[in-house]
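Respectively, the protein sequence lines represent chains A and B.
Throughout the first sequence, residue numbering follows our numbering, covering 112 to 247 in sequence.
Throughout the second sequence, residue numbering follows our numbering, covering 136 to 301 in sequence.
Worth flagging that the hints you see were computed from the coordinates, not collected in a lab.
Built from N, CA and C at the ideal position, the CB exists for glycine as well.
FRET-style restraints, in silico, Cβ to Cβ:
1. B:Ala-150 with A:Leu-113: 17 to 27 Å
2. A:Asn-183 with B:Leu-296: 39 to 49 Å
3. A:Trp-114 with B:Val-194: 38 to 48 Å
4. A:Val-229 with B:Ala-205: 37 to 47 Å
5. A:Ile-233 with B:Ser-210: 44 to 54 Å
Single-letter residue listing:
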Amino acid sequence: MLWVSFFVSIPAGAFGFWLRNHRGLSSVEVSAWIALLSGLLLPRLHESGIFLAGVCTCVSYATMSSCVRVTNQLEMAVVSVLCAVIVYGCRACLVGVGGRLGTFAALAVLVCCGLINVKRRIFHGHSYSQSSGNAP
Amino acid sequence: MWKWILMAIPLIVAALELIHGMLGRGHSFVIFLSGLGLVGCGLGFSYEKDWRELITAAVLGCVGSVIVYALSSVSNLGPTVASGVVGLLASKFLKNRYSLIVYTGAFVGMSSPEVLPTIWTAGLAGLFAGLLYEVMEGVWEGIGGRLGTMAATAVIVTILLGVGGR
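Here chain A stands alone, though its shape is the one from the complex (with noise of 0.2 Å):
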């Protein structure tokens, strides 16, 4: 299930980014659309459809992030993976709470720019604050 997830994650992370920062969509459209079209589609076309449409509306709120943040489609599709990762580890975590997807995609984000981080650490000796602009 968690291969089959990465199959559905990635292609919706890459379309989330593509409507955000090529089309224009603000971020509460873009996640929207992608929750709503998972949520209707998913189900019907898959046997674990209804795990498969969580993990599409959590990497959509992960395409909610800021460009400074995410800032191309392979760190979009890193994303994309970790959220997979974590909504399958943790599908016994927070049951039922309102914003659990939200906080997996956080977390998933915050991943992310933590490896970027220590990537550009090691490999060119900067931190990622500096990268995007904000060193004093």
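Dock chain B against chain A, hints included.
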């Protein structure tokens, strides 16, 4: 600092559920500790913006939550579709800032009836979410899922107050 502690509550609760399998009111202990941190760090809290904005945010959060809760429980649309519909309508008819608040409330409305048993409790949690949105300005800025985390915090606080289920 106190804002970060507040935002971290859902993550702490999720981590505890993952490690210890704690359920429902068992979270109270964690939240009590977080509350102590809040009191310690938030003694200097002051709200400097317009109070009308705070009230507007609370009302919008409440409205978003109630509509999604009603749509998902009464019309059998399901929480995901219901929140999508409300998000699209909010982005169509409201300013961006207000649509974000309604969407935060919509996340609260996605709670199951086991967690928020009545529409009134959903409305109360939505109200908290709206307040949080207004107060938490600048925390986790640009992080996708920030609104959902606020919503989860609001729901957990509602459960802690003894209004919610579980």
